[in-house]
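Participant: Dock chain U against the given chain S, drawing on the hints supplied.
Respectively, the protein sequence lines represent chains S and U. Quick note: the first sequence uses my numbering, first residue 1, plus one each step. Quick note: the second sequence uses my numbering, first residue 1, plus one each step.
These are computed hints drawn from the structure, not numbers from a lab. All of these numbers come straight from a predicted model, not from anything done at the bench. Note that CB positions come from ideal geometry on N, CA and C, so glycine has one too. One or more hints might be untrue.
As the list claims (entries may be wrong) - Quick partial rundown of chain S residues pointing at chain U, CB under 7 Å, derived from the structure:
| no. | residue |
| --- | --- |
| 1 | Leu7 |
| 2 | Leu12 |
| 3 | Ser130 |
Stated by the list, open to error - Per the computed footprint, the stretches of chain U lying under chain S, defined by three or more beta-carbons under 8 Å from a beta-carbon of chain S, are:
| no. | stretch |
| --- | --- |
| 4 | 17 to 24 |
| 5 | 54 to 61 |
| 6 | 80 to 87 |
| 7 | 95 to 105 |
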Amino acid sequence: MSVFDPLEAQLLDAHTRRNRRAIPRPAARHFVAFAATAAAVVAILVAGLSGGSSAPSRPAAQPGDAVAPVVPAQTTVAVLNGSRKPGLAGDAATELERHGWRIGTVTNAPDQSLASSCVEFTPGHSQAASIIAKQLGIQTIVPPNPDYIALAGPDADVIVVVGTDRVRASR
Amino acid sequence: MESVSSRSDEALLLAARRDAEAFAELYRRHARPLAGFLVRRTGDAEAAADVLAETFAAALSGLDRFDPARGDAVGWLYGIARHQLARRARRGAVEQRARRRLGMERLELTDDDLRAIEACDDATVALESLPPDQRDAIHARVVAEEDYATIARASGTSEPAVRQRVARGLATLRERLVREDQS
Chain S
1 MSVFDPLEAQ LLDAHTRRNR RAIPRPAARH FVAFAATAAA VVAILVAGLS
51 GGSSAPSRPA AQPGDAVAPV VPAQTTVAVL NGSRKPGLAG DAATELERHG
101 WRIGTVTNAP DQSLASSCVE FTPGHSQAAS IIAKQLGIQT IVPPNPDYIA
151 LAGPDADVIV VVGTDRVRAS R
Chain U
1 MESVSSRSDE ALLLAARRDA EAFAELYRRH ARPLAGFLVR RTGDAEAAAD
51 VLAETFAAAL SGLDRFDPAR GDAVGWLYGI ARHQLARRAR RGAVEQRARR
101 RLGMERLELT DDDLRAIEAC DDATVALESL PPDQRDAIHA RVVAEEDYAT
151 IARASGTSEP AVRQRVARGL ATLRERLVRE DQS
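Isolated chain S, as found in the complex (with noise of 0.2 Å):
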């Protein structure tokens, strides 16, 4: 016992903490959906004022990102079962089926006693992951983790992690 423990407590400590403040921040989502409602608005009316012939002009891509709209039929979805509750991912997938998105592999992850639960998204499938974060009321969404790329296979575009805050919510 030296002072590597006490330092180890007092990050796992510092850690937990950090989470929780990271969970919930409905304010700054509700501020995007308003700020993207409001640049869409402003952009019909510009369109509108300047002769309404022209079409609405796209906002640019951001880089990596696909260019094409969300089509969910044509978007894999991978699930983790990140809990020990077993059918956890199967009843999220069955959610994203009703959807409309196309499931891909549905197994456990490699941890599965993940705290909160998140969304993954390869490149070009932020979008994607923002409207099934949304779907599943998921806050979480990350690059994805090379462990979980590896089990969810080479087809998928989004990774949906269930974690053990989705046990209480599942009926």
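Facilitator: Quick look at chain U alone, frame taken from chain S:
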């Protein structure tokens, strides 16, 4: 189920955004070697312990900024440590910004803690790994500054034998440290 310990540093660092255990594993892998690096750079176990804590706190705060496409996990961690060393050199004190932001109190260090940090120094670790006769001879000659005749009498060998043990041991240490610096 894949255990945390079999995953790469990069996979751990990405998983650590959500998973505290992944961060803990990364800490356990790198805290001691990093402490050794910091002792060598600062020559001061207390400052090394402080920079170590601040480095991991800054890493924890900046997890979302790690991008595996731009470099490996160890390079990222040591980059943060070097940045902290540079700030310490400029300001004459170790920063506590990242720790304060996370609500981490500065740890009170005991003599045992300082010894544990010093023991992480590569040179100390390398010394421990030498054959016992070479290690003892180097300790007696270099650390305790005894003369060859005294060491020879104490260990029941001849003076030339002691000289040879010291020379061989030092050569091994030198070779090891140079190789580690280059890698």
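Participant: State for each hint whether it applies.
Facilitator: Hint-by-hint comparison with the structure:
{"no.": "1", "hint": "Leu7", "in the structure": "holds, 6 Å"}
{"no.": "2", "hint": "Leu12", "in the structure": "holds, 5 Å"}
{"no.": "3", "hint": "Ser130", "in the structure": "violated, 16 Å"}
{"no.": "4", "hint": "17 to 24", "in the structure": "holds (count 8)"}
{"no.": "5", "hint": "54 to 61", "in the structure": "holds (count 4)"}
{"no.": "6", "hint": "80 to 87", "in the structure": "violated (count 0)"}
{"no.": "7", "hint": "95 to 105", "in the structure": "holds (count 4)"}
Checked against the numbered hints above, the structure breaks hints 3 and 6 and satisfies the rest.
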